[in-house]
Structure formats: structure tokens, C-alpha cells
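First residue of the sequence shown: 1, per the UniProt record's numbering; consecutive thereafter.
Hints listed in this document are in silico derivations from the structure and should not be mistaken for laboratory results. The reader is advised that the hints may include incorrect statements.
Unchecked claim - Within a straight-line C-alpha distance of at most 27 Å, the following computed BS3-like cross-link-like pairs (lysine-lysine) qualify: (1) K140 x K27; (2) K178 x K203; (3) K140 x K174.
As the list claims (entries may be wrong) - Distance windows between CB atoms, simulated: (4) E74 x G164: 37 to 43 Å; (5) D191 x V82: 21 to 27 Å; (6) R24 x P159: 33 to 39 Å; (7) P83 x V30: 35 to 41 Å; (8) G164 x E66: 28 to 34 Å; (9) M1 x E66: 25 to 31 Å; (10) Q218 x E31: 15 to 21 Å; (11) M23 x L67: 15 to 21 Å; (12) L34 x R154: 20 to 26 Å; (13) M1 x V30: 17 to 23 Å; (14) P33 x D10: 17 to 23 Å; (15) G12 x D191: 36 to 42 Å; (16) I142 x D175: 17 to 23 Å; (17) K140 x P33: 37 to 43 Å.
Predicted model, so just to flag it, every value in this text is computed and none were measured. Glycine included, each C-beta is placed from N, C-alpha and C at the ideal position.
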Amino acid sequence: MRINRVYLPDQGQRPEEAAALQMRWAKQVVEAPLAEPPTLVAGCDVHLRGDLGRATIAVLRFPSLELVETVHGEATVSFPYVPGFLSWREIPPIAVALGRLTVRPDVLFADGQGLAHPRGFGLACHLGLLSGLPTLGCAKSILRGDHDPLAEGRGAQAPLIYRGRVVGTAVRSKDRVKPLYVSVGNRITLDEATDLVLRAGVKHRLPEPSRLAHLAAQAWARGEDD
């Protein structure tokens, strides 16, 4: 599938230049209902070692969660590790993998933040503009915001609040495990994003698109996947 190369991050930029772009691009993010119920969902996983980034995307049928396609991509990454700029390091290999997809997902799950970000432009938002797909952020930790304590059962939820605004949802995806932090990436609502994360996974903490992408990435690293 094609990507919008305007949103490929410049690896030579300084963090302050990247921050200015994040604030500008954040104004292009749209929080709106999905046009129709998704039938294909995808997750992505990125492994960074030195200046090499390796990305894997897994596409699943929804709601059956049957694996449809797995693709990989590599790219050189030179932008330094700085909190709040994950997408500057992960987008380059993900963009290569996106270009190798033969099917077009209806929703892309990002392993990171969306609007729940200091400048309202996390990895999920960046992926949304780059790909043109509806995207959601499903992070394992909080970057910004606070929430009330959650009940221990699966499905327990609480709004994630940052600077007086709801920027995401803390949701327990499995009984008595740490919550996930869901936020809008682009072209989806927070309620839809939270519902999809819960419906896309039952047995594990991570939703299946993200989990299968991670497993495929590990297999690729071991040389078990061409």
C-alpha cells in the first residue's frame, strides 16, 4: 500500500525541530467515527538495535482474528532516543513494511501513544497521517496523564486525564494484569478504539494484532521467517 511520504521523519532534525512539526501535524489529526465496521485490523512491532530499525506488521481478519498477512521492513535510524519522539525512530522501518502490504487494513494498532502525548502527536497519530488509515494507540505505560484506580476484572476502565482533558482510556485487558493505555491515533473515536482493543484480545494482555506482530518479529530476528 502507498504512504504519504510528506510525513516521513527527517532523521537529521533536532528534537526542537521535530517538536515543532509534531505540534503542526497534531492539528491535522481527526477524531471521528469509523466509516464502517472493520474487517481487517493490523498491529505493528519495531525492534531497534544501533542504527537499524526492523518493523513487522501483522494483518488479521476481524472479529475472527485469523492471520491474513505478515510483512517486514528495515531502515536506518539515526534520530537519538528522546522521550516523546518514538515515531521519529519507529516510522522509517514501519513505512517500509507498510509499502509491502498487499491488503489494506481498516484499522492499525500502534504500540505506543496517540493523543495521550505531550504535544498530542504520538506514534499512532503519526502513523495515521503517514498511512491514511484509521489508527489507535495501545501503550503498555503512561507517557502523560493520570487516571483513577481500576477494578481488577477484565474490561475495567477509567479516563486518562492530561491537563484537564480526556486524552485516552486506561483499560484492563485481562483479569489482574496491568492496564493498557488506549488513545486515538486518527480517524477513530476513543470509544471505538477502546472497544476494538478489548474485542481484539481475550487470553492475553496485548490485543492479537499487536501480539502476533511481536511474535512474528521475534521469529524474523531468529531467522525463522523469510
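Evaluated hints:
Only pairs whose Cα atoms come within 27 Å are accepted, and K140 paired with K27 is accepted, the gap being roughly 25 Å. Straight-line distance between C-alpha atoms of K178 and K203 comes to about 14 Å, which keeps the hinted pair within the 27 Å bound. A C-alpha spacing of about 13 Å is found between K140 and K174, which places the hinted pair at or below 27 Å, so the restraint holds. With their beta carbons about 42 Å apart, E74 and G164 fall inside the hinted range of 37 to 43 Å.
A beta carbon spacing of about 32 Å between D191 and V82 contradicts the range 21 to 27 Å that was offered as a hint. Between R24 and P159 the Cβ separation comes to about 27 Å, which falls outside the hinted range of 33 to 39 Å. A hinted range of 35 to 41 Å is violated for the C-beta pair P83 and V30, which are about 26 Å apart. Between G164 and E66, the C-beta spacing of about 42 Å breaks the proposed range 28 to 34 Å.
Look at M1 against E66: about 20 Å separates their beta carbons, and that is not inside 25 to 31 Å. A hinted range of 15 to 21 Å is violated for the C-beta pair Q218 and E31, which are about 33 Å apart. M23 and L67 have their C-beta atoms about 38 Å apart, which leaves the hinted 15 to 21 Å range violated. A hinted range of 20 to 26 Å holds for the C-beta pair L34 and R154, which are about 23 Å apart.
Here the CB-CB span from M1 to V30 is close to 19 Å, well matched to the stated 17 to 23 Å. Checked against the given bound of 17 to 23 Å, the beta carbons of P33 and D10, roughly 33 Å apart, lie outside it. For the hinted restraint 36 to 42 Å between G12 and D191, the CB-CB distance of approximately 39 Å keeps it satisfied. At roughly 21 Å, the beta carbons of I142 and D175 sit within the given window of 17 to 23 Å.
Taking the beta carbon of each, K140 and P33 are about 26 Å apart, not inside 37 to 43 Å as hinted.
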